[in-house]
Amino acid sequence: CMGVVLGVCAAGRQFMADGLMYEVSSETESTVFVTGPDSRGPREGYLEGVTKVVVPSAVTDPLTGKEYNVTRVTINAFNMLPELEEIVFSEGIQDITGVWDLERLHKVTIPESVESIWGFNFLPALTNIDLPDNLKSLECNTFFSVGLQSLVVPEGVKIIDFESIMNCYDLASIELKGV
Numbered sequence: 039c040m041g042v043v044l045g046v047c048a049a050g051r052q053f054m055a056d057g058l059m060y061e062v063s064s065e066t067e068s069t070v071f072v073t074g075p076d077s078r079g080p081r082e083g084y085l086e087g088v089t090k091v092v093v094p095s096a097v098t099d100p101l102t103g104k105e106y107n108v109t110r111v112t113i114n115a116f117n118m119l120p121e122l123e124e125i126v127f128s129e130g131i132q133d134i135t136g137v138w139d140l141e142r143l144h145k146v147t148i149p150e151s152v153e154s155i156w157g158f159n160f161l162p163a164l165t166n167i168d169l170p171d172n173l174k175s176l177e178c179n180t181f182f183s184v185g186l187q188s189l190v191v192p193e194g195v196k197i198i199d200f201e202s203i204m205n206c207y208d209l210a211s212i213e214l215k216g217v
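Residues in the sequence shown are numbered from 39 upward in steps of one, following our numbering.
Keep in mind the hints are simulated off the structure, nothing from the lab.
Beta carbons are placed, not taken as given, at the ideal position from N, Cα and C, and that holds for glycine.
Just so you know, not all the hints are guaranteed correct.
As the list claims (entries may be wrong) - Listed below are the simulated DMTMM-like cross-link pairs for lysine to aspartate or glutamate, each with C-alpha atoms no more than 20 Å apart in a straight line:
(1) Lys90 x Glu65
(2) Lys90 x Glu121
(3) Lys174 x Glu193
(4) Lys215 x Asp199
(5) Lys145 x Asp208
(6) Lys145 x Glu129
(7) Lys104 x Glu61
(8) Lys145 x Glu124
(9) Lys104 x Asp168
(10) Lys196 x Asp133
(11) Lys174 x Asp208
(12) Lys196 x Glu124
(13) Lys174 x Asp133
To be verified - Between beta-carbon pairs, the in silico distance windows are:
(14) Ser128 x Asn166: 13 to 21 Å
(15) Ile113 x Ala163: 16 to 24 Å
(16) Glu105 x Asn166: 18 to 26 Å
The task is simple: from the sequences and hints, build the whole structure.
Encoded structure:
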């Protein structure tokens, strides 16, 4: 493999910056996604005690000094963090997958650049979320066991999966814009 850094290919290489874990998705396009500890490392200590996270649109690898654009957030990035109350995703992020099992999370900011979200699960304190106009679909299990009280689905959403909203027992209304 060409471009070996710390024993792994550059694409797929992980690094930490400002408390978040990133994985290089493309060296040529200079893109990374936010990930989290999985089978490659322990979760213990990851974002421990943090109540608010801002996911930047760009990040610099502290080892190489190279700047990357942050385009995605994956399933292991934000789960089982008992203190986390707020997540702000910055403009430029296109896909958010898996924000789950966060008892105190009550505020999520999603920018207009996001086209796809999935896996917002087990979020009892999240009573409201503003979905971006650029969103294209609500996939299976987009919202599962979330404390949402109402939901406005933007006009740009063309596909709503059969099981996209499940076990949201406080949900009193859904407004479908453009229908």
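Given the hinted pair Lys174 and Asp133, is their alpha-carbon gap at most 20 Å? holds, 11 Å
Restraint check for Lys90 with Glu121, where alpha carbons must lie at most 20 Å apart: holds, 9 Å
For Lys145 and Asp208, compute the direct alpha-carbon distance and say whether it is at most 20 Å. Roughly 16 Å separates the two Cα atoms, so the pair holds.
Distance restraint evaluation - Glu105, Asn166, Cβ atoms, bounds 18 to 26 Å: Between Glu105 and Asn166, where Cβ atoms are some 34 Å apart, the hint is violated.
Proposed proximity, Glu129 with Lys145 (alpha carbon, max 20 Å): holds, 17 Å
Assessment of proposed distance window 13 to 21 Å (beta carbons of Ser128, Asn166): Between Ser128 and Asn166, where Cβ atoms are some 20 Å apart, the hint holds.
Restraint status (C-alpha distance of Lys196 to Glu124 at most 20 Å): violated, 28 Å
For the pair supplied as a hint, Lys174 and Glu193, is the alpha-carbon distance within the 20 Å limit? holds, 9 Å
Between Lys174 and Asp208, does the CA-CA distance stay at or below 20 Å? Roughly 25 Å separates the two Cα atoms, so the pair is violated.
Under the criterion that the straight-line Cα-Cα distance not exceed 20 Å, is the pair Lys90, Glu65 satisfied? It is violated: about 29 Å lies between the C-alpha atoms, which goes past 20 Å.
Is the straight-line distance between the alpha-carbon of Lys145 and that of Glu124 20 Å or less? holds, 5 Å
So if I understand the rule, the pair passes when the alpha-carbon distance is 20 Å or less; does Lys104 with Glu61 pass? holds, 13 Å
Checked against the numbered hints listed earlier, the structure breaks hints 1, 9, 11, 12 and 16; every other hint is satisfied.
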